[in-house]
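Undergrad: Given next are the chains, with one letter for each unit.
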Amino acid sequence: MFITLKNILKLLTPADKILIVFLAIFTGFSYVWVSRATSEGKSAVILVSNKVVARYPLDKNIDDIKINAKQGEVHLRIKNNRIKVTAAACPNKTCMGFGWQSRVEEIIACIPNQLLVKITGDSNQESLDALSR
Amino acid sequence: MPSAASPDKANNLKKQEYAADYLHTRKLVFLAMLASIALALHILELALPNPTPWLRLGLANIITLTILSIYGLKEALTVGIIRIVLGSFISGNLFGPAFLLGFSGGILSIFTMWLALFIAGRYLSLIGISLIGAYTHTLTQLALASFILIGHTGIFFLLPVFMIMALLTGLLNGVGALILTNHLSKARM
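Top to bottom, those sequences are chains V and G. Quick note on the numbering used here: the first sequence kicks off at 1 and runs consecutively. Quick note on the numbering used here: the second sequence kicks off at 1001 and runs consecutively.
Just so you know, these hints were derived from the structure itself, not from any lab. The reader is advised that the hints may include incorrect statements.
[What the hints assert, rightly or not] Here are the simulated BS3-like pairs of lysine-lysine, each with C-alpha atoms no more than 30 Å apart in a straight line:
(1) V:70 <-> V:60
(2) V:17 <-> G:1015
(3) V:10 <-> G:1009
(4) G:1186 <-> V:6
[Unchecked claim] Computed spacing ranges between beta-carbons, pair by pair:
(5) G:1120 <-> V:35: 31 to 41 Å
(6) V:9 <-> G:1184: 19 to 29 Å
(7) G:1093 <-> V:28: 28 to 38 Å
[Said to hold, decoys possible] Partner residues aside, some chain G positions facing chain V, computed with beta carbon under 8 Å:
(8) 1123
(9) 1128
(10) 1159
(11) 1160
(12) 1164
(13) 1167
(14) 1178
Beta carbons: idealized from backbone N, C-alpha and C, even for Gly.
So here's chain V without its partners, still in its complex pose (with noise of 0.2 Å):
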């Protein structure tokens, strides 16, 4: 029997067509599940003017960071693995509208400060590489 398309059509049974449907739905469920589970961050990483000052992991409640940026204190409070700039001196307090943030490559930017805040995933790192080994 010579393979194409249309023969392996004739082949399948309605049940496979339902499988297939079903199984693929899974699939692209497990994709959307997966692309949410994992972009959780781990840490944040706090720059002034584009140099890291300090990380913190967001699996710890701190209830006050204090960071000097360029025009004064900036004050920021992780909870519950999500992390928010809770007072600046800044004036038009744009950085605390951010609001809280937990996602991998989510951003707090605070311009007048120069103060950047990047969540990344990085903890992870070490068990992937057992996995690999």
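Based on these hints, arrange chain G on the given structure of chain V.
TA: Relative to chain V, chain G alone:
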């Protein structure tokens, strides 16, 4: 009724024994041949260029499916165990973590495919059974890898990649098994 009283009856009995013996030998040889083909496919896969060590085509599953549909669970399990143990022995990771994953995934997928054949064999073709086997294999390996070997759910990052691969290889192997069983049905087994 005196057994084997007449020479005629005894002769008949002997003939039947011979026939049974003949069939048994035939089956034995056939299973041995299929096992060696499965092993060859297993090793051929290792030789194929592969971007990662985990994504595999699972071509040996064609043989497993064929044996399942022609003979049954016992024979498929025997050939499957022979193939996985010898294959890991040749590739050099017998009793290593990769072997544990492959072995448990392989055995469990044979059981699931048998169950699927038993329950839904009338509705599903071998392509559907193959898909079920591929997904069982993938999910078993992932679950084991994340919960036992690493103790971390980080490996589930790879879930969608594995599942897409399972879908494609499941289809491919199912078509292969359908064609093989179709050809073998013309032979006397």
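Undergrad: Among all the numbered hints in the text so far, which are the ones the structure does not match?
TA: Result: hints 2, 3 break, sorted rising.
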